[in-house]
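From first to last, the protein sequence lines stand for chains A and B. Take 1 as the starting number for the first sequence in this note's numbering and just add one per residue. Take 1 as the starting number for the second sequence in this note's numbering and just add one per residue.
Hints in this document: simulated from the structure, not taken from any laboratory. Some hints could be false.
Said to hold, decoys possible - Within a straight-line C-alpha distance of at most 25 Å, the following computed DSS-like cross-link-like pairs (lysine-lysine) qualify: (1) B:Lys9 <-> A:Lys81; (2) B:Lys9 <-> A:Lys100; (3) A:Lys81 <-> A:Lys68.
To be verified - Where chain A lies over chain B, by a calculated footprint (3+ residues, C-beta under 8 Å): (4) 11 to 23; (5) 37 to 43; (6) 99 to 109.
C-beta: ideal position from N, C-alpha, C; glycine also.
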Amino acid sequence: GQNIDQPTEMTATEGAIVQINCTYQTSGFNGLFWYQQHAGEAPTFLSYNVLDGLEEKGRFSSFLSRSKGYSYLLLKELQMKDSASYLCAHPRDDKIIFGKGTRLHILP
Amino acid sequence: DSGVTQTPKHLITATGQRVTLRCSPRSGDLSVYWYQQSLDQGLQFLIQYYNGEERAKGNILERFSAQQFPDLHSELNLSSLELGDSALYFCASSVEAEDGYTFGSGTRLTVV
Chain A
1 GQNIDQPTEM TATEGAIVQI NCTYQTSGFN GLFWYQQHAG EAPTFLSYNV
51 LDGLEEKGRF SSFLSRSKGY SYLLLKELQM KDSASYLCAH PRDDKIIFGK
101 GTRLHILP
Chain B
1 DSGVTQTPKH LITATGQRVT LRCSPRSGDL SVYWYQQSLD QGLQFLIQYY
51 NGEERAKGNI LERFSAQQFP DLHSELNLSS LELGDSALYF CASSVEAEDG
101 YTFGSGTRLT VV
C-alpha cells in the first residue's frame, strides 16, 4: 500500500507481548485503522485511532502519534489464534488505503 | 456473518474467459468497495460505488469493470482473464470510509 510502511513478518511466543509498528505519510490524515486478517479470510476491524494516544481494547491496544506519522498495535498475552496478518490502513479520498500487512507467527 | 455477501466463494476458469463476481452490501450501507489481494501483495483498491454512482477508481485494469445496481448490490466483471488475475477479490461496504469497512468473505479466483 502506498505511503504506509510496516514490517513484513514478526515472530513471538505464546503468552508474550508483541508490538507491530506502522509509519505513514501525514498529509490529509483522517485517522488510522488496524485490521486483522487470517490466511484466506476477510480482514476484520480491530481499531480506529483519530486522536493521539493509546486506546485499549482487551488484549489489543493501538497507539497513534499524528505528529510523527506513527502508530503501533500492541498484542498482550498472545494466543495461537493471534497468528495472522495485521494491516495498518488509513482513509483517503473516500477509500481506505492498506499497508501490505505484518504476518505474525506465534510459537508455542 | 458480516452482513456483506459475496458470491461465488471459489471460481476456477481458463485464460481468456470472462467472469462476474457479485456483492451485496450490509443493510444500510450505500458504499461498496472492491479490492484485489494477490499472494504477495496487500489489498489493492480497485473501485468504489456510492448509491449507484462510481465515486473513486484505483489501479483497475481496463479489462475490469463494475457497476452498482438500484438495490445496491454490485458486480465486478473481469474479462480476457490472465494467469496474473488469480487472486482473492474482496468486496467491502460502509456508510463512509472513516467508519471503517465491513468485508465480505471474498471470492478466490483461479485462472488456469
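To see whether the hints hold, each was checked on the structure:
1. B:Lys9 <-> A:Lys81: holds (23 Å)
2. B:Lys9 <-> A:Lys100: holds (23 Å)
3. A:Lys81 <-> A:Lys68: Measuring from Cα to Cα gives roughly 31 Å; hence the hint is violated.
4. 11 to 23: It is violated, with 0 qualifying residues against the three required.
5. 37 to 43: Satisfied; 3 residues make the cut.
6. 99 to 109: As far as the segment 99 to 109 of chain B goes, the hint holds, because 8 residues have Cβ atoms under 8 Å from chain A.
Hint violations for this structure: numbers 3, 4, all remaining hints satisfied.
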